[in-house]
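Q: Here's the letter readout for the chains.
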Amino acid sequence: MRIGYYPGCSLHATARELDESLRAVASALDLELQELDDWSCCGATSGHATNHLLSLALPARNLALAEAQGHDRVLAPCAACYNRLATARHEIAADAALAARVARVLERPFANRVTVANLVEVLRELGPAITARAGRSLAGLKVACYYGCLLVRPAAVVGFDDPEQPTSMEDVVRAAGATPVAWQMRLECCGGAFSLARTASVVRLGRAILDDARRAGAEALVVACPMCHSNLDFRQSAMLERGEKPLPVLYLSELVGLALGIAPDTLGLQRHFVDARPLAARAAAEVH
Amino acid sequence: MARIGVFVCHCGENIGRTVDCARVADALREHPGVAHSVDYKYMCSDPGQALIKQAIAEKRLDGVVVAACSPHMHEKTFRRACAGADLNPFLCEMANVREHCSWIHEDRARATDKAIDLARTIVEKVKHNRPLQTIRIPVTRRALVIGGGIAGIQAALDIADGGAEVVLVEKEPSIGGHMSQLSETFPTLDCSQCILTPRMVEVYQHPRIKLMAYSEVDAVSGYIGNFTVKIRQKARAVDASTCNGCGACTKACIQRKIPSEFDERLGPRSAIYVPFPQAVPNTPVIDRANCAYFKAKAKGATKAACGKCAEACSRGAIDFDQQDSFVTEKVGAIVVATGFQLYRIGADQPQGLTGYGEYGYGTVPDVIDGLQFERLASASGPTGGKILRPSDGREPKRIVFLQCVGSRDPAKGMAYCSKICCMYVAKHTMLYRHKVHDGQATVFYMDIRAAGKGYDEFTRRAIEEDGARYVRGRVARLYRDGDVIKVHGFDTLSGEPLVLDADMVVLATAMRPQPGIEALAQKLSVSYDQHGFINEAHPKLRPVETNTAGVFVAGACQAPRDIPDSVAMASAAASKILGLFSQAELEREPTVARVDTGLCSGCFHCERVCPYGAVERREIRDRKGNLLKVVAEVNPGVCQGCGTCQATCPSKSVELDGFTDQQIWAEINALAL
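Chains B and L, in that order, give the protein sequences.
Residues 1 to 288, numbered by this note's numbering, are exactly what the first sequence covers, in order.
Residues 1 to 673, numbered by this note's numbering, are exactly what the second sequence covers, in order.
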């Protein structure tokens, strides 16, 4: 299977391990990722807070590139990129006048034919292949799947999972042989882009999420969004005020990579602030 | 040559303002076949009708065209006038120059031209009209009532008290419906069972009511006045004629932990059971899916696995070999009163909806629905009327009520308002406060809809006297946090998010029609809306009739209804039926479809498209009795004259009297010339 790949700025910077683990997992599962040539910013946060047309034209440019480069589907692993791309596609498809305006701005052919896929969605589709190749290395590992507020919303735009009771990440975790725990904070906000502007809020919100995951018996948190990861991993030391045990925060692709027996360093586990390597070592020990 | 009279009505100013009625009358006078043409200010008035009668007599008219309002308004009036002058009423037609012309146009000259055209088309049609005779059909003075809730009970009693016989069919082992499950009723807080059970007993003892509990309608055929209904009597495995209802069998049963449907799964029942102590009839029934005897038998056991109930029965009434039986009843009218079910999140998700998983219903034991709360509050309920929460039996000190769960939510639930929830939630908060004096009830609402006699006063009482706290807003989600339920909501009046701790949460889930309503509606050829509620014939003027003559509707199967509304509908349906039964014969409009059996090739497209099930099959045989062909035939008692068969028939062998192809062609030709 071949798919257009839109990494976005995060996956080339703070979320390099998401890019690395995704590429490793994709190659193990015969999924060919073709990075879009000349991709540009998706317009997340600042873009869509500034100008509506700009917020659609930026992602539309990338969709137009994907179209021109022969893709019918493009994978945007970052939840924010995914949201922007999917929203642009949705709004342009629903409004012919808007489509014409966007086309004028883009100054390139654009038929809005490309569909946008999310990391979780693609891994769920690969579920049977993951199960077939995964060992028992993750057996007994309890993880809390954290969707965050953005991944499955808004329902009309996203549509790959229920916006209130999603199951897709749990499905992937089960396919990889680990055990998802039942917990309450799966869809709460982590503070998003306020990591720098309102750090105290991010710490407060993150603490509630970590506390609930810990209470539910999770040994790690699994996420599918670079923003969530940076808030919960990078800011976690500030959240552990009462000497609680740190919770490693894994990208879903890293967890799948571990299940497939890919080396932790290849998956970028050494880049985390909360050390996830003991977990990986335990997984490796299970195999032997 | 035809001798047709044309009568142009001014309808006061309604037509006369935009259409030059005198010019219309003049133009029509020149039209071939028109023997008489006049205009008049109010044709429907007595002098107007006298003009028509006089002209028929004097000018020997053989057809009448009244150019006036819609035939819906006055066709009957003018046809009656013609009949009064000894002209067959079906030789009279109306040209609609009001709704189709004067009301919608402004240019007087062009509107007048159009009115002339409209009148001419109808003149051309009337040239092809033939005299038709009113159809007379006999009527069986016996009614079938489907559903033994309060609506069905009321309808059955009213019809039977009016002198006609009634067959009352109820699918559950006992009549009583949801009303028998309620603790108290709004807005008077009188005990539901105390007012219901006397009516149940009255049904049981009424000499003209045949009660068939634990039965379902299997098939319906026939038409108004002449329905034949096949009813399946489900096997109770108990002989009702010998059982005296002593209850020894239920005490002897070894299965004691089956969730009771009557107690909304909050309490247990045995496998042989009577749903509740006041059940009517008081005959137990064996739940075969849960009975040890039947379970073992289904697995192929040859020896009886259990027989405790049969041993305990002193009258030998237990009959394990009893089978479903069928009874055929002839009735003249039918009342559909199948009632409602509460939307059970997750358990029965309406098609295309994913529901309210975030409320934890079914996973958090102390999140219950409105009917479950009724059972907790009821003296006959699983807790003996004490408000105790299901998870640990403790008395909840904080209850949060959520209104509009599934109602008024086109995105995730049903778009309609369930109408009763505002009232019963107010009632719940009062019952709760009366039983738990230090308990705090909090209600999340969208707005309070308390339209009804004494209703608004009732909700005010809940707030002002019984201390219910009303928060305008929705709840985003609920989850269990140790011992309490965390309720995340939003107060839209103060504009602030709220997190409340609750010991119990009650969801006022939407009212939906009973499962299987679509299948029943199809058997009865009545239409239903996208939610499954039975459609009434007219939302304002014919609220208890359906689009199938002789089939009536009452109660919450038509739309969400409370008890007073359901009872009023039931009495209305009963009075309609008694009116129907007061006639010796029923008169039907003769504008029905007719099949030319010589032309009919027996493809039965008409049978498939007929919405009323009026098309029947008839065998045509030669003198020796050899089958020549099977043709379609229209039952004039059932046919409603919609014309669908006529439009569908590939060989043009179906004609609708009064609207034949020839007549329609004549109208079109008149316009084209």
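In case anyone wonders, no lab produced these hints; they're calculated from the structure.
This structure is a prediction, so every number in the text was calculated from the model and none was measured.
One should not assume that every hint holds.
[Claimed, not checked] Dumping the calculated EDC-like pairs for lysine to aspartate or glutamate here, alpha-carbon to alpha-carbon at most 20 Å:
#: 1; chain 1: L; residue 1: Lys230; chain 2: L; residue 2: Asp529
#: 2; chain 1: L; residue 1: Lys486; chain 2: B; residue 2: Asp212
#: 3; chain 1: L; residue 1: Lys486; chain 2: B; residue 2: Asp211
#: 4; chain 1: L; residue 1: Lys486; chain 2: B; residue 2: Glu67
Q: None of the hints should be skipped; say for each whether it holds.
A: Hints and how they fare:
Straight-line distance between C-alpha atoms of L:Lys230 and L:Asp529 comes to about 26 Å, which puts the hinted pair past the 20 Å bound. A C-alpha spacing of about 13 Å is found between L:Lys486 and B:Asp212, which places the hinted pair at or below 20 Å, so the restraint holds. As the CA atoms of L:Lys486 and B:Asp211 are separated by approximately 15 Å, the hinted pair is consistent with the 20 Å bound. Distance check on the hinted pair: L:Lys486 and B:Glu67 sit about 47 Å apart at the alpha-carbon level, beyond 20 Å; violated.
The structure fails hints 1 and 4 (numbered hints given earlier, in ascending order).
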